[in-house]
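*Asks:* From first to last, the protein sequence lines stand for chains D and V. With our numbering, letter number 306 in the first sequence gets 306, and the count goes up by one each step, no holes. If you count the second sequence from 1, you need to add 1000 to reach our numbering.
To be clear, the hints were calculated from the coordinates, so they are not data collected in a lab. Remember, it's a predicted structure, so these values are computed and weren't measured experimentally. One or more of the hints may lead you astray.
Here are the simulated distance ranges between beta carbons [claimed, not checked]:
| # | chain 1 | residue 1 | chain 2 | residue 2 | range |
| --- | --- | --- | --- | --- | --- |
| 1 | D | E110 | V | G1319 | 48 to 58 Å |
| 2 | D | P9 | V | P1093 | 55 to 65 Å |
| 3 | D | Q39 | V | G1335 | 27 to 37 Å |
| 4 | D | P60 | V | G1335 | 31 to 41 Å |
| 5 | D | D71 | V | P1093 | 20 to 30 Å |
Stretches of chain D that chain V covers, calculated by requiring three or more beta carbons in the stretch to come under 8 Å of a beta carbon on chain V [what the hints assert, rightly or not]:
| # | segment |
| --- | --- |
| 6 | 167-174 |
| 7 | 202-209 |
| 8 | 246-254 |
| 9 | 278-285 |
| 10 | 300-306 |
| 11 | 332-338 |
We put the beta carbon where it would ideally sit given N, CA and C, even for glycine.
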Amino acid sequence: STILYNHPPIQKVVVVGGTHGNEYTGVWCIKALERQLQQESSLLSTSYPNLQIETLLANPKAHYENKRFIDVDLNRQFRTEELISFQNGEDEEETEFAKEERLRAQEINELLGPKFHEEQYPQTCVIVDLHTTTSNMGICLIVPEGDVLMIQAAAYVSYKCGYHHDDDEVRILVHSILDRDQRPNLSSIARHGFTVEVGPVPQGVLRHDAVEKTERVLHYFLEYLELLHPKNNGDNGDISSVQTMLNKWYPGGQLPVYKSADARKKGQLCGRIRWPCDPENPNFPLYIVHKSLQDQDFRKIKKGDALFVDLDGNIIPYSGSHGDEVYLIFVNEGGYYYSSSGTGIGVAVKRIIGIMDGMIVEQDESSHSVVS
Amino acid sequence: NTDGQTHLNRVEMNTRQLLVGLTILPFLSDMASANVPVGPPPECPALHKVIVVGGTHGNEYTGVWCIKALARRSDELAESFPSLNIETLLSHPEAHMANKRFIDADLNREFTEEKLVGAKDRHPTVESLRAQELNKLLGPKLGSKHPQTDVIVDLHTTTSNMGTCLIVPEGDVPMVRAAAYVAHKCGGEKGEARILVHSMPRNQRPDVKSIARHGLTIEVGPVPQGVLRHDAVEKTEKALHFFLEYLDLLNKDKAGVINKLKEWYSGGKVPVYRSAKASAPGEMSGKIQWPSDPENPNFPQVLVHKSIQDRDFHKIKKGDPLFIDLNGKAIPYSGSHGEEVYLMFVNEGGYYYSSSGTGISVSILRKVRLDDGMVEE
Chain D
1 STILYNHPPI QKVVVVGGTH GNEYTGVWCI KALERQLQQE SSLLSTSYPN LQIETLLANP
61 KAHYENKRFI DVDLNRQFRT EELISFQNGE DEEETEFAKE ERLRAQEINE LLGPKFHEEQ
121 YPQTCVIVDL HTTTSNMGIC LIVPEGDVLM IQAAAYVSYK CGYHHDDDEV RILVHSILDR
181 DQRPNLSSIA RHGFTVEVGP VPQGVLRHDA VEKTERVLHY FLEYLELLHP KNNGDNGDIS
241 SVQTMLNKWY PGGQLPVYKS ADARKKGQLC GRIRWPCDPE NPNFPLYIVH KSLQDQDFRK
301 IKKGDALFVD LDGNIIPYSG SHGDEVYLIF VNEGGYYYSS SGTGIGVAVK RIIGIMDGMI
361 VEQDESSHSV VS
Chain V
1001 NTDGQTHLNR VEMNTRQLLV GLTILPFLSD MASANVPVGP PPECPALHKV IVVGGTHGNE
1061 YTGVWCIKAL ARRSDELAES FPSLNIETLL SHPEAHMANK RFIDADLNRE FTEEKLVGAK
1121 DRHPTVESLR AQELNKLLGP KLGSKHPQTD VIVDLHTTTS NMGTCLIVPE GDVPMVRAAA
1181 YVAHKCGGEK GEARILVHSM PRNQRPDVKS IARHGLTIEV GPVPQGVLRH DAVEKTEKAL
1241 HFFLEYLDLL NKDKAGVINK LKEWYSGGKV PVYRSAKASA PGEMSGKIQW PSDPENPNFP
1301 QVLVHKSIQD RDFHKIKKGD PLFIDLNGKA IPYSGSHGEE VYLMFVNEGG YYYSSSGTGI
1361 SVSILRKVRL DDGMVEE
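Using the sequences provided together with the hints, build the complete structure.
*Replies:* This is the structure:
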């Protein structure tokens, strides 16, 4: 099978760090990248000759304060509708006390986008957004369902990581927001968005091993984009060398992924099992994640299992709210203590995605589904 | 009559004490020439008023959770530890609500004599003002009056892999003994329970717990900042429970609990880590510093090398990889604090701030004596 792209080949790739200001790893990686890009003879400069690689510190104000965000989560501010309404000054409340991140979202939209415009594509072909989590999620590649290029990128990267580095646990997480305009995250500004999530790493801390994992993923990702370039595929631009590799590595054309539960709230990425907050401090939980779930990301939880523990030591069991059996992700992620980011534990199901069309293979009736 | 009988017993007791005192006097004069400990004298009034403090660093959420939980169990506590008057305190509410370690400067460095007394001559910070408040509430730390609080136990967490660490001042006999008790009950080295000793005179100690007559810090890790881990809460509560148990036993059966300690620790000596001497005044301990990014003083210019990450209380020797820079080049340990030292607070998030003392902490393994709380050289 062949892949035909009805848009220009990938050129401008922006590597973004510090979308959450206290996720220091991404900031370190873009600094290191910048250094290499400035050195003409560096490995980076010569490895990807057909890519125009740039870096961006997404939320400098939050970064300098070592905070996830100043007012609201920057990575939830990019729904097209909201970008446009802010631009048009339609939100009266906002113009008077404009939230920092909404202003910054406008700037980034101008710098890297525009996300939506009748006549032009965003200037940026691909954004790769570097994140870390306090959860034990290993290496997690987050891509949108329906974005064939990014799903194939994830397939490529995860194979290369797994092949060369036994220790790496690489998983692919898919958010099913098929309409790009509805996606609230920063990477949705570009035509294609890819998020690298590595954990566990504490906020405001740099771990050498997390930096190495992030850089490894980034390397294979850029390699994939470079390989796609027509210049690397001889005269026949229809069947790329990447395609050949993917056909060999995934003969069934299918990729096992985790699909996040649909968010109940607009502008959120993924459904959550929520915890109640302290009435005196909305960012402080009333429940703690039970120790039996701690560090157990991508494991199943079933109805009745211990979920939380309260101030008196009482155990609160999982009610089955998202299905009798679901997979937990972002278990005890520090950023999810904030309602702006969506409070609680992430929920997902295991699915198969088609590498050719980037769509999740339909499940039959009997399989567990995630309540949307 | 019964009153007369009691009176006679008392006289007998007093005579006995007098006789005992007379036999001790010659020894006391010998002791006068011995080393004077840096803490309070070994025989001191009973310890009753205990304040459990959380949130000294606002983003160390575990301590805040623990004091909230404790506040709901006051009846149970009164029953378990009848000789103790236990209260809780949220140390730094403003930093806690903002989920920050501190607002202007590390609160746990504000309590040196120099800072407490000199506060009026300086531009006030959020923390220097809070330090004055805490000093009034729980102290006063210095002066002719004794602090109102007998014991402060300060609950902390670290992003470093330090297990359960009990931090006490050298020479503070009740606290050294308490730490020995708790460490044993928590399983010692095998249970990842260790004792860390800071050696400085009380007036130079910069930390919150130095306000009281005695202080002990419970440090549990690894825990990310701004996150609550169930296992860390349990470790903290376990250490706290044994600490309160010790204090209560001290009031009920002092000889008995001291005997227990002697049984557990042969020769009356307890293995401890002693922190390197602070190089800057008002610091808790010496650090192997890292350079900071010139554009952002709270962002390091180097990473802690993966070979020492999570290896707290392991030795490092001169030449071993220590850091790695933006070009991927490894920087070796220079031997600055000794040819071989033990690392602690390896990659502690709070130590990215110069206010807390930037870098990795260094210590040596020593023994402390149960009888006088001093480190054996």
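*Asks:* Look at each hint and say if it fits the structure.
*Replies:* Now for the hints, and whether the structure bears them out:
no.: 1; hint: E110/D x G1319/V: 48 to 58 Å; result: holds (51 Å)
no.: 2; hint: P9/D x P1093/V: 55 to 65 Å; result: holds (56 Å)
no.: 3; hint: Q39/D x G1335/V: 27 to 37 Å; result: holds (32 Å)
no.: 4; hint: P60/D x G1335/V: 31 to 41 Å; result: holds (38 Å)
no.: 5; hint: D71/D x P1093/V: 20 to 30 Å; result: holds (21 Å)
no.: 6; hint: 167-174; result: violated (count 0)
no.: 7; hint: 202-209; result: holds (count 8)
no.: 8; hint: 246-254; result: violated (count 0)
no.: 9; hint: 278-285; result: holds (count 4)
no.: 10; hint: 300-306; result: violated (count 0)
no.: 11; hint: 332-338; result: holds (count 3)
Violated hints, listed in ascending order, are 6, 8, 10; each of the other numbered hints is respected by the structure.
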